[in-house]
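Spelled out from the first residue to the last, the chains are:
4 protein chains.
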Amino acid sequence: MINVGIAGVTGYTGIELVKLISNHPKAKLCTVSSNSYAGKALTDVFPSMRGFETLICEGLSAQSLSQKVDVIFLALPHKISMQHVPEILDHNIKVIDLSADFRFSDASAYESAYQEHTAKHLLKESVYGLSEIYREEIKAARLIGNPGCYPTSILLPLIPLLKKNLIQSDGIISDSKSGVSGAGRSLSLSSHFCEVNESFTPYKIGNHRHTPEINEILGIQSGKKISITFVPHLLPLTRGMLSTIYVEAKENTDENKIRDAYASYYENEPFIRILGKNLFPAISYVRGTNACDIGIHFCEKTKRIIIVSAIDNLLKGAAGQAVQNMNIMFGLKDEIGLNSVQVPL
Amino acid sequence: MINVGIAGVTGYTGIELVKLISNHPKAKLCTVSSNSYAGKALTDVFPSMRGFETLICEGLSAQSLSQKVDVIFLALPHKISMQHVPEILDHNIKVIDLSADFRFSDASAYESAYQEHTAKHLLKESVYGLSEIYREEIKAARLIGNPGCYPTSILLPLIPLLKKNLIQSDGIISDSKSGVSGAGRSLSLSSHFCEVNESFTPYKIGNHRHTPEINEILGIQSGKKISITFVPHLLPLTRGMLSTIYVEAKENTDENKIRDAYASYYENEPFIRILGKNLFPAISYVRGTNACDIGIHFCEKTKRIIIVSAIDNLLKGAAGQAVQNMNIMFGLKDEIGLNSVQVPL
Amino acid sequence: MINVGIAGVTGYTGIELVKLISNHPKAKLCTVSSNSYAGKALTDVFPSMRGFETLICEGLSAQSLSQKVDVIFLALPHKISMQHVPEILDHNIKVIDLSADFRFSDASAYESAYQEHTAKHLLKESVYGLSEIYREEIKAARLIGNPGCYPTSILLPLIPLLKKNLIQSDGIISDSKSGVSGAGRSLSLSSHFCEVNESFTPYKIGNHRHTPEINEILGIQSGKKISITFVPHLLPLTRGMLSTIYVEAKENTDENKIRDAYASYYENEPFIRILGKNLFPAISYVRGTNACDIGIHFCEKTKRIIIVSAIDNLLKGAAGQAVQNMNIMFGLKDEIGLNSVQVPL
Amino acid sequence: MINVGIAGVTGYTGIELVKLISNHPKAKLCTVSSNSYAGKALTDVFPSMRGFETLICEGLSAQSLSQKVDVIFLALPHKISMQHVPEILDHNIKVIDLSADFRFSDASAYESAYQEHTAKHLLKESVYGLSEIYREEIKAARLIGNPGCYPTSILLPLIPLLKKNLIQSDGIISDSKSGVSGAGRSLSLSSHFCEVNESFTPYKIGNHRHTPEINEILGIQSGKKISITFVPHLLPLTRGMLSTIYVEAKENTDENKIRDAYASYYENEPFIRILGKNLFPAISYVRGTNACDIGIHFCEKTKRIIIVSAIDNLLKGAAGQAVQNMNIMFGLKDEIGLNSVQVPL
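Those sequence lines, one after another, are chains L, S, R and D.
Here numbering that gives the first Met the number 0 is used: the first residue of the first sequence is 0, the next is one more, and so on.
Here numbering that gives the first Met the number 0 is used: the first residue of the second sequence is 0, the next is one more, and so on.
Here numbering that gives the first Met the number 0 is used: the first residue of the third sequence is 0, the next is one more, and so on.
Here numbering that gives the first Met the number 0 is used: the first residue of the fourth sequence is 0, the next is one more, and so on.
Rather than coming from a laboratory, the hints here were simulated on the basis of the structure.
C-beta atoms are modelled at their ideal positions from N, C-alpha and C, and glycine is treated no differently.
Errors might be hidden in some of the hints.
Claimed, not checked - The list that follows gives simulated cross-link-like pairs (lysine-lysine, DSBU-like), each with its CA atoms no further than 30 Å apart:
{"#": "1", "chain 1": "R", "residue 1": "LYS27", "chain 2": "R", "residue 2": "LYS332"}
{"#": "2", "chain 1": "D", "residue 1": "LYS276", "chain 2": "L", "residue 2": "LYS224"}
{"#": "3", "chain 1": "L", "residue 1": "LYS302", "chain 2": "D", "residue 2": "LYS162"}
{"#": "4", "chain 1": "L", "residue 1": "LYS224", "chain 2": "D", "residue 2": "LYS249"}
{"#": "5", "chain 1": "R", "residue 1": "LYS163", "chain 2": "S", "residue 2": "LYS162"}
{"#": "6", "chain 1": "R", "residue 1": "LYS39", "chain 2": "D", "residue 2": "LYS162"}
{"#": "7", "chain 1": "L", "residue 1": "LYS162", "chain 2": "L", "residue 2": "LYS25"}
{"#": "8", "chain 1": "L", "residue 1": "LYS25", "chain 2": "S", "residue 2": "LYS27"}
{"#": "9", "chain 1": "D", "residue 1": "LYS119", "chain 2": "L", "residue 2": "LYS300"}
{"#": "10", "chain 1": "L", "residue 1": "LYS249", "chain 2": "L", "residue 2": "LYS162"}
{"#": "11", "chain 1": "S", "residue 1": "LYS93", "chain 2": "S", "residue 2": "LYS67"}
{"#": "12", "chain 1": "R", "residue 1": "LYS123", "chain 2": "S", "residue 2": "LYS203"}
{"#": "13", "chain 1": "L", "residue 1": "LYS302", "chain 2": "D", "residue 2": "LYS119"}
{"#": "14", "chain 1": "S", "residue 1": "LYS163", "chain 2": "S", "residue 2": "LYS123"}
{"#": "15", "chain 1": "S", "residue 1": "LYS302", "chain 2": "R", "residue 2": "LYS78"}
{"#": "16", "chain 1": "D", "residue 1": "LYS93", "chain 2": "L", "residue 2": "LYS300"}
{"#": "17", "chain 1": "R", "residue 1": "LYS224", "chain 2": "S", "residue 2": "LYS300"}
{"#": "18", "chain 1": "D", "residue 1": "LYS119", "chain 2": "R", "residue 2": "LYS27"}
{"#": "19", "chain 1": "R", "residue 1": "LYS27", "chain 2": "S", "residue 2": "LYS300"}
{"#": "20", "chain 1": "R", "residue 1": "LYS332", "chain 2": "S", "residue 2": "LYS249"}
{"#": "21", "chain 1": "R", "residue 1": "LYS302", "chain 2": "S", "residue 2": "LYS163"}
{"#": "22", "chain 1": "S", "residue 1": "LYS203", "chain 2": "R", "residue 2": "LYS78"}
{"#": "23", "chain 1": "S", "residue 1": "LYS162", "chain 2": "R", "residue 2": "LYS332"}
{"#": "24", "chain 1": "S", "residue 1": "LYS162", "chain 2": "S", "residue 2": "LYS276"}
{"#": "25", "chain 1": "L", "residue 1": "LYS162", "chain 2": "L", "residue 2": "LYS67"}
{"#": "26", "chain 1": "R", "residue 1": "LYS27", "chain 2": "S", "residue 2": "LYS302"}
{"#": "27", "chain 1": "L", "residue 1": "LYS256", "chain 2": "L", "residue 2": "LYS203"}
To be verified - Taking beta-carbon pairs under 8 Å as the criterion, some of the chain S residues facing chain R (in silico):
{"#": "28", "residue": "ALA118"}
{"#": "29", "residue": "LEU122"}
{"#": "30", "residue": "SER187"}
{"#": "31", "residue": "LEU188"}
{"#": "32", "residue": "PHE199"}
{"#": "33", "residue": "GLY205"}
{"#": "34", "residue": "HIS207"}
{"#": "35", "residue": "THR243"}
{"#": "36", "residue": "LYS256"}
{"#": "37", "residue": "LEU274"}
{"#": "38", "residue": "GLY275"}
{"#": "39", "residue": "LEU278"}
{"#": "40", "residue": "CYS298"}
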């Protein structure tokens with residue numbers, strides 16, 4: 000049994016982790032922390048969460064964690080995570096960090112998008128937790144930088160095509176759409192019901208912080224410098240994310256080669272499903288699951304490929320992939336605790 | 000292991016049953032039927048449902064069922080159910096019928112609300128599947144008439160107060176609100192997105208078919224003739240149901256007595272939660288669960304009691320309670336296969 | 000031409016007033032104030048509002064108003080309104096106050112629900128702006144206390160039945176449901192998209208501040224002390240309000256008498272529509288209009304009457320009724336500026 | 000006063016036309032037709048539409064129209080429109096057709112996307128009703144093919160840049176998103192509330208019928224053969240459309256030139272608003288209006304331009320533009336009857 004702690008338990012990613020670990024047959028939830036609700040029982044914060052009447056939110060202390068857990072999930076804001084990670088690692092606890100703090104190997108890329116990095120020495124060691132791509136590194140890791148939701152939805156479909164040299168590395172576009180839960184539980188006019196409901200809008204065009212994260216991984220994987228055009232939009236729904244990706248095929252690329260590339264990468268991956276010809280993902284097909292669905296349209300005439308991917312931003316885009324990474328780190332099958340059947344509504 | 004069949008698998012209740020049985024540790028889904036999609040794999044009908052690529056929808060035949068299953072859930076329209084039930088029972092298969100056909104013990108009450116009953120002889124035998132109230136009868140039953148969603152949300156809070164003689168049996172009002180999935184997957188203007196979205200309206204005031212069902216059970220339980228005032232409304236959301244119930248207290252009733260009545264009925268019931276003073280249910284607290292949350296406000300001055308109950312109409316209001324009844328019929332604990340933790344979004 | 004000012008212009012009621020006054024053929028919007036956005040153009044605060052690129056939000060000063068306007072709408076929080084009203088009146092400006100500050104004639108009722116009243120001397124003079132009921136008083140008023148949204152939806156259907164002595168004054172229940180815009184534009188977890196969406200819940204049972212407002216007016220109108228049971232609920236939609244009201248008929252009441260009572264009150268009222276037998280309001284029928292739709296179900300057997308009313312909470316429940324009152328005060332027909340045709344979506 | 004008829008009045012575009020014409024100071028609604036609701040009053044079909052209790056839906060007859068109207072709006076399905084248009088024109092009535100039947104000048108393009116054209120001889124005469132672009136032709140027209148909603152949202156931002164030679168004509172991509180009302184009021188699983196709500200999905204990738212319409216107009220305007228990549232998606236909201244368009248700049252293009260191009264085309268256009276730097280459209284900014292908002296992001300590094308446009312699909316995308324065209328045909332200012340102020344909710 001893996002002993003688990005969760006920090007930042009009262010955000011949307013935090014409670015999703017609580018749900019997953021509680022339903023996990025090989026893990027035990029031992030301690031949870033919350034800054035804003037310290038001292039309160041989890042059920043009092045979230046009345047929907049039955050059975051947690053006696054699970055009290057604590058403060059976060061590496062010392063006290065070391066008595067209790069083998070691994071801790073940090074569902075904390077960036078900047079806060081890196082303040083805690085070094086000490087936690089010193090106490091021999093594995094860390095799966097869901098903030099951006101340990102996703103980058105290039106500190107300057109991090110610093111230009113976020114702020115000064117105060118634990119740079121760990122960036123070489125930390126592993127980017129895109130489970131299907133970095134499986135081997137994750138097995139051996141003590142520190143995971145769990146990917147952002149947009150990057151997950153964009154990298155999974157792009158990496159096989161880039162590695163197999165089937166697409167141009169220039170001119171990649173991702174038009175991505177996310178549900179409101181991606182913005183978290185803190186208050187802002189942009190998540191006020193009346194401002195979001197019945198509306199739809201792009202945001203942070205040209206300067207979203209997930210762009211350098213995507214570019215760094217695409218660069219590492221392809222061996223080329225890549226600058227994608229990335230436009231995120233806000234959907235009037237709670238959970239789910241869909242990316243419509245436009246790329247140019249190389250000379251001899253055809254649809255079979257594309258499908259073969261995906262098969263060679265993902266055939267045995269339980270969470271990745273390549274849809275058949277003329278089928279495309281919908282958010283309702285993946286909501287509540289750790290899946291990433293991918294659909295492909297290849298236009299012979301224009302040599303352009305349209306790839307559509309869908310994930311649940313709180314699961315494969317955050318808490319689900321984090322648990323998948325825990326499974327990999329502890330030698331379990333990926334799908335343990337993550338394979339419940341879901342209906343489309 | 001209980002061998003299970005599900006008929007009418009491509010409606011919303013049907014697929015919910017598929018989900019529950021597939022996640023159930025003591026049951027095995029052996030066969031599914033669908034009239035509209037016979038011959039198609041379930042995953043092709045519902046792409047969200049992974050792992051059912053080879054589960055083919057069949058036609059419904061008692062003969063062939065008898066080789067395969069111990070129990071069948073009928074998620075069929077009323078009238079269709081009663082055409083199949085007698086033959087299925089003859090093949091020694093237990094039946095949990097989710098239509099209205101076997102909910103009534105009084106055939107004339109059924110017939111005035113629905114149509115001629117063609118299997119009247121079974122009405123004496125069939126058990127009303129309100130799990131917490133008819134547990135003993137359910138244990139011994141071969142035919143369950145699974146309750147309607149509105150009746151479940153209204154009967155569970157009312158029965159203890161009536162049985163303990165704490166409230167007037169006259170003048171009971173239930174102002175109930177349901178999500179759109181309650182109307183099923185068939186097409187009608189009243190479930191067109193643009194007609195429902197951003198709207199809210201009562202419907203079938205004075206003539207909803209759940210009224211006689213509620214009145215019959217309240218009458219049986221209280222020993223009095225009861226006519227409740229029941230007004231259903233349609234909420235612009237997919238799943239969930241909330242009933243706000245208004246009753247008059249008897250002379251010596253006080254809040255403690257009310258809470259004691261609930262405790263004596265439901266203290267050990269895993270799915271019923273009586274909320275503390277000044278706390279009231281929300282649909283988000285029960286969505287995705289088999290729970291029924293109940294909140295109470297007692298007004299000293301007017302001697303009026305306001306009781307609020309919330310359920311997921313597809314779970315405790317349909318498929319979840321059906322599985323709970325299966326558990327009871329087969330000697331399992333109620334919560335087996337039904338106790339996954341849920342987040343509020 | 001009526002010269003108009005609007006204070007508190009950047010809330011949802013405030014901008015609704017801007018829209019109405021701008022579309023009004025006999026009124027001219029001369030000045031707007033906003034505390035939070037002083038110095039900004041209205042179009043910069045609300046990009047949807049074209050044509051207001053040069054309308055700058057100012058601070059609120061009675062002195063400067065007096066040069067500019069004949070009437071001011073105060074869309075300010077309660078407590079703030081009463082700080083400004085006396086001085087504004089001194090400058091000979093009519094006031095239509097949309098806060099609760101001048102709705103009560105009984106200061107102690109106000110004070111027990113809100114806070115100390117600092118302009119008590121004006122309570123005798125201020126007129127409750129329920130347009131159809133207090134038309135004569137409104138004509139002569141210089142200070143209107145514009146009704147709350149819930150009270151409007153409840154008082155309009157109840158007053159004719161009480162005045163005509165057709166219903167019991169005891170045991171009145173209103174089960175009311177409001178869209179999220181009723182809670183305003185300020186930030187709180189209870190208007191966070193992810194907390195409201197796909198949920199539904201009652202709130203403030205037994206202690207909502209609109210209860211004493213309703214009771215005071217019902218008492219004045221009926222000559223009896225009335226205590227209604229009022230349960231508000233939050234709907235997952237932006238605008239609209241529906242109240243389902245339960246009352247007991249007196250001995251000789253029948254449906255014709257009820258319909259006659261409404262006809263005698265409202266036959267010539269442009270905004271009140273009494274629906275025919277078996278027809279009931281929907282929020283989509285009134286959204287975007289100043290209408291109040293009323294549907295009636297009379298149950299012969301139980302002698303109970305179910306009355307359903309629907310309004311747009313921002314229009315007949317706030318800004319629309321305020322403009323209707325302005326029309327009455329300035330001798331215009333009620334519907335001037337308020338009668339645009341609306342589609343149901 | 001322009002005498003107006005509307006055919007197909009009980010679809011979403013039809014009732015939107017009723018609203019607009021009823022609020023129009025220079026037009027009079029003389030007759031409406033509906034196949035499905037012939038003989039019923041409009042208010043009985045749409046209870047929200049007050050004041051139409053005596054407006055009876057008729058059958059469609061050119062003969063009887065000729066006594067009553069100067070112009071008729073046809074909100075009919077394609078194929079049905081072209082059956083009626085020749086005879087209506089013969090009766091000297093101007094026609095604004097909202098179907099696809101008269102949008103194409105190339106009959107074979109129409110036929111490959113739709114079906115055989117039975118009134119080909121009129122295609123040379125009919126004018127494509129993109130108001131800002133074909134104003135002069137519209138003035139003189141007796142037959143308008145009113146543009147599709149997607150084409151409107153894509154053509155308005157692209158034409159100035161193509162005509163001014165600022166962008167490549169190859170590789171244009173439009174990632175477009177539409178509310179559900181775009182699919183009309185007829186029943187289908189894809190507009191069932193439970194299937195749309197909380198979901199999002201692309202559809203008809205590579206074969207949407209609006210693609211050839213867009214390509215034909217872009218070709219005519221640019222003098223080049225253009226094949227855009229167009230991916231439509233379905234948003235879980237009722238009304239509104241947003242297109243995110245990706246194009247490549249030509250060598251010397253910069254942001255100023257782009258803004259100048261838009262200014263030269265649209266500076267005096269009342270319905271087109273070019274947003275300032277770093278500002279982008281939202282559906283809530285245009286819902287309920289005839290506006291088209293356009294935002295621009297120019298990326299120096301990649302020489303790629305991101306253009307975002309938003310319209311209300313039922314107004315500028317259908318009924319609103321149709322009325323704008325009527326205004327132009329009858330010598331009125333564009334904004335007559337179309338310029339009411341809108342709030343963002």
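Evaluated hints:
no., hint, in the structure
1, R/LYS27 / R/LYS332, "17 Å, holds"
2, D/LYS276 / L/LYS224, "28 Å, holds"
3, L/LYS302 / D/LYS162, "26 Å, holds"
4, L/LYS224 / D/LYS249, "23 Å, holds"
5, R/LYS163 / S/LYS162, "39 Å, violated"
6, R/LYS39 / D/LYS162, "37 Å, violated"
7, L/LYS162 / L/LYS25, "35 Å, violated"
8, L/LYS25 / S/LYS27, "23 Å, holds"
9, D/LYS119 / L/LYS300, "29 Å, holds"
10, L/LYS249 / L/LYS162, "13 Å, holds"
11, S/LYS93 / S/LYS67, "12 Å, holds"
12, R/LYS123 / S/LYS203, "45 Å, violated"
13, L/LYS302 / D/LYS119, "34 Å, violated"
14, S/LYS163 / S/LYS123, "27 Å, holds"
15, S/LYS302 / R/LYS78, "34 Å, violated"
16, D/LYS93 / L/LYS300, "40 Å, violated"
17, R/LYS224 / S/LYS300, "13 Å, holds"
18, D/LYS119 / R/LYS27, "52 Å, violated"
19, R/LYS27 / S/LYS300, "50 Å, violated"
20, R/LYS332 / S/LYS249, "51 Å, violated"
21, R/LYS302 / S/LYS163, "27 Å, holds"
22, S/LYS203 / R/LYS78, "43 Å, violated"
23, S/LYS162 / R/LYS332, "58 Å, violated"
24, S/LYS162 / S/LYS276, "22 Å, holds"
25, L/LYS162 / L/LYS67, "42 Å, violated"
26, R/LYS27 / S/LYS302, "52 Å, violated"
27, L/LYS256 / L/LYS203, "35 Å, violated"
28, ALA118, "31 Å, violated"
29, LEU122, "25 Å, violated"
30, SER187, "15 Å, violated"
31, LEU188, "11 Å, violated"
32, PHE199, "5 Å, holds"
33, GLY205, "5 Å, holds"
34, HIS207, "12 Å, violated"
35, THR243, "5 Å, holds"
36, LYS256, "19 Å, violated"
37, LEU274, "11 Å, violated"
38, GLY275, "13 Å, violated"
39, LEU278, "10 Å, violated"
40, CYS298, "6 Å, holds"
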